[in-house]
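Chains as they are written, first to last, in my numbering: chain U, 481 to 773; chain A, 235 to 368.
No lab work stands behind these hints: they were computed from the structure.
The reader is advised that the hints may include incorrect statements.
The following label-pair restraints were derived from C-beta to C-beta distances [said to hold, decoys possible]:
hint: 1; chain 1: U; residue 1: Ala764; chain 2: A; residue 2: Gly262; range: 32 to 38 Å
hint: 2; chain 1: A; residue 1: Leu283; chain 2: U; residue 2: Ile500; range: 52 to 58 Å
hint: 3; chain 1: A; residue 1: Arg317; chain 2: U; residue 2: Glu663; range: 24 to 30 Å
Computed from the model, here is a short list of chain U residues facing chain A with C-beta under 10 Å [as the list claims (entries may be wrong)]:
hint: 4; residue: Ala575
hint: 5; residue: Ser576
hint: 6; residue: Ala577
hint: 7; residue: Ala625
hint: 8; residue: Ser626
hint: 9; residue: Val627
hint: 10; residue: Ala628
hint: 11; residue: Pro632
hint: 12; residue: Pro653
hint: 13; residue: Leu655
hint: 14; residue: Asp665
hint: 15; residue: Trp666
hint: 16; residue: Ser668
hint: 17; residue: Gly669
hint: 18; residue: Gly671
hint: 19; residue: Leu672
Even glycine gets a Cβ: it sits at the ideal position worked out from N, Cα and C.
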Amino acid sequence: MKVKLWGTRGSIPSPGPETIRYGGNTSCVGVTLSDGSLLALDAGTGIRNLGLALAAEPARLHILLTHLHLDHIQGLVFFAPAFRSQTEIVIWGPASAEASLRDRIARYISAPLSPVEVRELPCDVSFRHCPTAEWEIGPARIRAASVAHRGPTLGYRIDDGDSSLAYIPDHEPALGADLDLLEEDWISGLGLARDASLLIHDGQYTDAEYPDHIGWGHSSLSHAVSFARRSRAERTVLFHHDPMHTDEQLDRLDAEARQRWSSGGGAGGGIELAKEQSEYELTARAAGIASAT
Amino acid sequence: MTQKPLELILARNLMSALSTPAFLVDEGGVLVFYNEAAGLLLGRRFEELGAVGPDEWGSLFGPFDTEGEPIPYDELPLVVAVRNGRPAHADFEIGSVDGSRHQVEASAFPILTAHGSQGAIAVFWPASENGAGS
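Chain U extracted, bound-state conformation (with noise of 0.2 Å):
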């Protein structure tokens, strides 16, 4: 399985000279299964830039939406598979009770807010709720749960022969508990994530910021690198940077990260900061995982 990250930022694209290493596309992460499927984890700007990637290729591939904040669906209708009448794109995301999946993301792809509609799309487009039980894709077992966020959100494990990804970007599992002493089966997102090979998760706030932002629905710097160091996943990718964040400052993040990881006992490289355009290669979980940047 391999993986690539499109978008890394949180709440709003936030281009400029002070992003460009940690990029300022929001959030996106390409998923090449062993078989050549492809999964897209959400639909951020970064998904732009995925599609521009794939040329005419292929024919077929699957949207995982975490949930339809804008800042995860913003990049749907500048998705150029979209636009063309050979793809087949199936969506994924999470039930309301309130509407259809399909519904709910035409409020965004529709007049005054978007130039084209949801049945104007050339693709041959589907939309699917999540299982509440494992489903497969291709090579991949999916499992969906719900987790601690601001309104019906996702978390996601794909499987993969013996590698396994956690992909859950918008997350607060501390709200109102301790996760170090919490039991493991009473945090949120926790078994979506235990033992992965890679786990992304959210980082937006410093141990500062935090306090001032209780119950927005995403984590601190302590309280993910403690979510990692119990979810025991081999590698995590801090995620959902805010953009408010420079480059320099999320330097200053990652050194933290990867020193509060170290002194809780964690194997060097264990933990970092996601970067727009980084790509991880998972392998069997014995075997590590391969950063090819």
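Model the placement of chain A on the given structure of chain U, informed by the hints.
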């Protein structure tokens, strides 16, 4: 290890911050948590007891009716809420580990989600604090 449903996790986190005694059962009626205030009422912290099956927790603490007789399990508000998916309310006494009895009002409501019932929450209000039941 099975992950608890998010709704139960959030309910426990909320209950942990309350000073009102509160109890949480899962969809199978297992008592999966009660908070510190409830622990004070019962004389035993949840951490000492752990999860208790539906056949056990009723007998641990009562409850008892006004005649001092145990109330049938099926009539307890928490059980009505989790089984029937509707709120329930009752006045009764519960027993503490030191042998004392406390008269309480209990209100329970089900935790219903798109995927069905995930359990129920009961909040206890000591009757002596609001004059009810006296």
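Violations among the numbered hints = Failing hints: none at all.
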